[in-house]
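All chains, full assembly: derive it from the sequences and hints.
Per the working numbering, residue 17 is the first one in the sequence shown, and the count goes up by one each step.
Hints were generated in silico from the structure; no laboratory data involved. All values reported here derive from a predicted model rather than from experimental measurement. Heads up, a few of these hints could be off.
Said to hold, decoys possible - Simulated pairs of lysine-lysine, DSBU-like, Cα-Cα distance not exceeding 35 Å:
| hint | residue 1 | residue 2 |
| --- | --- | --- |
| 1 | Lys204 | Lys231 |
| 2 | Lys204 | Lys290 |
| 3 | Lys231 | Lys182 |
| 4 | Lys19 | Lys440 |
| 5 | Lys205 | Lys144 |
| 6 | Lys133 | Lys285 |
| 7 | Lys290 | Lys28 |
| 8 | Lys268 | Lys285 |
| 9 | Lys182 | Lys205 |
| 10 | Lys211 | Lys144 |
| 11 | Lys261 | Lys234 |
| 12 | Lys261 | Lys211 |
Claimed, not checked - If you anchor each label on the Cβ, the simulated ranges turn out as follows:
| hint | residue 1 | residue 2 | range |
| --- | --- | --- | --- |
| 13 | Ser51 | His79 | 14 to 22 Å |
| 14 | Pro44 | Arg165 | 26 to 34 Å |
| 15 | Gly167 | Glu78 | 43 to 51 Å |
No residue lacks a Cβ here, since even glycine has one placed at the ideal position from N, Cα and C.
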Amino acid sequence: MEKIKVKPDCKKGRIKPMHAVNNNPLKPRADQTKSFFDDYKAAGIPYARNHDASHWAVAGREHVVDVNCIFTDFDRDVNDPSAYDFTLTDVYVNTCFDAGAEVFYRLGASIEHWVKKYNTLPPADNQKWAEICEHIIMHYNEGWADGFRLGITYWEIWNEPDLNQKQCWGGTWEEFYELFAVTAAHLKKRFPQLKIGGPAICGIGNTDFTEGLLKRLKKDNIPLDFFSWHLYGYDTSWYENDINKVRNILDKYGYTETESILNEWNYVKDWSDKYVYSIEQIIGMKGAAFTAAVMLIGQENPLDMLMYYDARPSVFNGMFDFYTDRPLKGYYPFKMFNNLYRKGIEAETDCGVPGLYAATAVDEKGNPSTMIAYFSDDEESAEAKETEIVYDKPVSADVYILDSEHNAEKIFGFSGTSVRLTIKPNSVILISDNF
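Now the structure itself:
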């Protein structure tokens, strides 16, 4: 029998926000009860990135979030409050906070899949674009233009400028480097207390783009509070490899304190023949197990935040049913990981069982919660694993299981220094005293 060894008193650091997401719920209308707002809030989502909110009809489409949606006429005066339309974005942003999630604000435009590009082309004036972004921050953090004092920390410049189909950036790499450098320098000087970063690259595989940007920033000594990037795939080893690759590249250029944030990810087998298959898995138990496994990989590797794409009603939302808003299997890993996040401190967990991923958190009194994920992309050959979870001191806890038959339900309780479990492929387990 294989073992997972847990040492609650051996503290390693903090439990990181591995259960952040893209986008937020909207509150139900007065004449409807259909909404996943309460379930979203119950999952304890710590941050919500607002990318692609303008693709969401209920949120307001072309009137919400994006810089071009707020400042609709680039020829207007950046200092004139009447040049800005904040109305629907105010609703969106405040709904995030009402649901318990701090907004992670993406400054820029949503992806454009259509033939003619409208808002992903380079701005006519980089400095003016930076000043528009400044005023958006002023509105939400300093009360400008009948705004708020929300204290939004993370401000991300653009999204996927390296995507080769030009769906997110219609200019050259050098033109993007200049826009990013001008904007980052301006915003950091104006708001030194905030975290300014980006650019949400679509993949670290193209290191030429990333290294070109870092060289440009280094040349002018421009700080980078966080570096954001994306990864869609089906092999969990890719996530561990790329997390470490990003960290190594940042360190190579002296950005050793820059946070690494993977802020778009999900299960994708491929983008063509297996695309429909991928969507089917995202909304099922395999997708849920994959989600839990990547969360635990992120916790155990040099990653500072993980943001699932997408909590917005879409084919990539494995958390909530598109039509009914009811929780899917993929919702429960967020609620389970939040149990660790609330406890706050990571404890040493030795998981030497192939195919299993695990992490443990303890509260101030040393009470542990252990989360275990068993993901397999090959259901036909994968077998259940007889596993003993061994603690180096007595604990009292309950065992909760997420699988094809259970939705993070309590199975039994135990007291002692070990518990034996038969862990099925594509399942998730939480052992906790207070879930």
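Given the hint that Lys268 pairs with Lys285, does the C-alpha gap stay at or below 35 Å?
-> holds (31 Å)
CA of Lys204 to CA of Lys231, is that 35 Å or under?
-> With a Cα-Cα distance of about 18 Å, the restraint between Lys204 and Lys231 holds, given a limit of 35 Å.
So does Gly167 sit 43 to 51 Å from Glu78, Cβ to Cβ?
-> violated (28 Å)
Distance restraint between Lys205 and Lys144, which requires alpha-carbon spacing of 35 Å or less = Status holds; Cα separation ~15 Å.
For the pair we were handed, Lys133 and Lys285, check the Cα-Cα distance against 35 Å.
-> holds (28 Å)
When you check the alpha-carbon spacing of Lys261 and Lys211, does it fall within 35 Å?
-> holds (22 Å)
35 Å limit on alpha-carbon distance, applied to hinted pair Lys204 and Lys290 | Roughly 43 Å between the alpha carbons, so the hint for Lys204 and Lys290 is violated.
Range agreement (Cβ of His79 with Cβ of Ser51, hint 14 to 22 Å) = Check passed, 21 Å falls within 14 to 22 Å.
35 Å Cα cutoff - pair Lys261, Lys234 | holds (19 Å)
Verify the proposed pairing of Lys19 with Lys440, using a straight-line Cα cut of 35 Å.
-> Judged against 35 Å, a Cα distance of about 15 Å means the pair holds.
For the pair we were handed, Lys231 and Lys182, check the Cα-Cα distance against 35 Å.
-> It holds: about 22 Å lies between the C-alpha atoms, which stays within 35 Å.
Under the criterion that the straight-line Cα-Cα distance not exceed 35 Å, is the pair Lys290, Lys28 satisfied?
-> The hint is violated at about 40 Å.
Consistency with the previously given hints fails for numbers 2, 7, 15, ordered from lowest to highest.
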